[in-house]
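> The task is simple: from the sequences and hints, build the whole structure.
Spelled out from the first residue to the last, the chains are:
2 protein chains.
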Amino acid sequence: MTQRPLLPAMFLLMGLALAGCQQATQDTSAAESAQAPIAIVIHGGAGTVTRELMTPEKEATIRAALTAALEAGYARLASGESSLEAITAAIHILEDTPEFNAGRGAVLNFDGMIEHDASIMDGATGQAGAIAGVSVENGGLRHPIDAARAVMMHSPHVMLSGAGAKTFAESQGLEFMAADWFFTDDVYQRWQDAQNAQTSNAESQDTRWYSTVGAVALDKQGNLAAGTSTGGMTNKRWGRIGDSPIIGAGTYANNDSCAVSATGHGEYFIRHVVAYDICARMAYQGKRLTDAADEVINQILLEAGGAGGVIAMDPRGNIAMPFNTPGMYRGFIDTNGQITIAIYGDE
Amino acid sequence: MTQRPLLPAMFLLMGLALAGCQQATQDTSAAESAQAPIAIVIHGGAGTVTRELMTPEKEATIRAALTAALEAGYARLASGESSLEAITAAIHILEDTPEFNAGRGAVLNFDGMIEHDASIMDGATGQAGAIAGVSVENGGLRHPIDAARAVMMHSPHVMLSGAGAKTFAESQGLEFMAADWFFTDDVYQRWQDAQNAQTSNAESQDTRWYSTVGAVALDKQGNLAAGTSTGGMTNKRWGRIGDSPIIGAGTYANNDSCAVSATGHGEYFIRHVVAYDICARMAYQGKRLTDAADEVINQILLEAGGAGGVIAMDPRGNIAMPFNTPGMYRGFIDTNGQITIAIYGDE
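Top line first, the protein sequences correspond to chains L and H.
Letter 46 of the first sequence, counting from 1, is numbered 45 in numbering that gives the first Met the number 0, and no numbers are missing.
Letter 3 of the second sequence, counting from 1, is numbered 2 in numbering that gives the first Met the number 0, and no numbers are missing.
Hints may be right or wrong, so weigh each one.
When chains are identical, the list treats them as one kind, so a pair holds in a single copy or across two.
To be verified - The calculated lysine to any residue pairs, modelled on SDA-like cross-linking and capped at a C-alpha distance of 25 Å, are:
| # | residue 1 | residue 2 |
| --- | --- | --- |
| 1 | K219 | A35 |
| 2 | K286 | D255 |
| 3 | K57 | Y187 |
| 4 | K286 | Q220 |
Just so you know, these hints were derived from the structure itself, not from any lab.
Below, the structure is given as structure tokens:
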């Protein structure tokens, strides 16, 4: 059993008391969580999502899926399971939801095929796993995040790619679905738009939308974990690998600094080592999570022209969700057990 | 024309004067180079290389190849060409030398095939390119580093993989060689040893040798660049991707902090974001290159059990080459024009 000092809990209670009456209903859970805070944050991609481009039906579906994913992950945390279990449970729901670019409904590459990327990192051990470019041809991984986790747990490697990664996933007994299951009308339409835009040299809407999914969580043992899953960039070509399966770029977790999952124009996130850089600014400059994450997304990336955002959490369960795009599908359940879901930039 | 302040040059001369007579012969070149220092550092892999395991013939070949690579790169720098040109010229020679695990003579994967990884980064622009898992079946890239550079220069992406990366490289008119050209008896013997060791559960010598090649340089314009090229890990399987093609892990360059090329047990280098972490410690903690590089290799990685080393350079042309293995093939030409070649840990 881990004995934690009472002093921080006392200060937290004093802080809540000073914060006034609106906090009163949360005092009990805050007092409990101060002993062992738990929290989860997720994203379903960042980009040019605005109210004008959204239908009420689509928005309702997305908010419901984000809520379900958060609740699934939080339930694991509440029952004492690990942050790895929590983010996996949340990402499963996002992967199954065709509105997000991951698992089912992932975007099509140049050849009209779906290729999955995913990665996961355990902040307690520094272990990590990733898969890149795993095609759904002749059957695909229902949950690419499971394959990333299997790489971490059951292979001597961190990153597997292509047909080899698929062979490994098959050897692990993971769930596969027929190719048809992954393709949706919406995804096909976006792919056609992208191909037409390429022909006409116009910018398709889809080139400004990066709907990777991801989750970050803190469990009762004080362990952080982060995971990311995606179909990559619509119309991607030549076996392109983005930031999502790259540890340090799209995903990073370290109990001593922070955990991050990114979504955005992957090439910029790779070159700027975005996920790790946020944690490095905390570890080496003593910056707070919100400041470190905001600097990287709204200064460094913005100046470089790199569109996107991150979700991030520190070892105390503080959450940051900066993005430099008009919107980001996002949500969290904080250390007070409070759920928040948002889509647009003004929420 | 860039006007540089005279003060640093004066201090450098004072420092050299104070350093005593043994520096006298270098004063002139140091005074010249203080105006626009140039330098190059290369590696040919790190691991359990000891005098007992080495033959005089092999050692002579390796030292000659390291010398030729350094001189080829330095000649480019001396004539005012870019650091990208210099590292490319150096890596070409290392890739062509079968004693190193890159280009010709790269190690065989589990299926007895050669797959190349390479990456390059331009410290002036932050642009980067990489290829991963490009097979030599039906013909292979003579110089994988050229493909990484073509990705950087002529694609919208940073990282391409597998057959798609090869298709892209073909479209760029890069040099291809027949598959036979890449296979050497030595490589085949090491592969058989590794396969036998796997069967017998023994540790083959090759599992403790990581002979990736790489180069880092500073040009007269003050621009850093880094590049890395490898065949990966002997007997690698499932489309394994190591650190070499991953920006931030195996390769990183930034004019404001440092440039790094790594060699070692790639999985550790990925999880610890080694190349970027060295530069982050300089940028965020104000550490000197040698201290930052030494901390990451001889503290962080050593404690984690991650074998390997790096070559690194800062914007003034200072060089670090820490490794935590018995040896590392390495060499440099410093800002005084002085060449140094070394193999063993006690050199």
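> How do K286 and Q220 come out at 25 Å by Cα distance, when the copy is not named: within, between, both, or neither?
within (24 Å within a copy, 34 Å between copies)
> Indicate which option fits the pair K57, Y187 if close means a Cα-Cα distance not exceeding 25 Å: within, between, both or neither.
within (17 Å within a copy, 57 Å between copies)
> When Cα atoms must be at most 25 Å apart, do K286 and D255 count as within-copy, between-copy, both, or neither?
both (13 Å within a copy, 20 Å between copies)
> Treating 25 Å as the Cα threshold, decide for K219 and A35: within, between, both or neither.
within (5 Å within a copy, 55 Å between copies)
Going down the numbered hints, you'll see the structure goes against none, and every one checks out.
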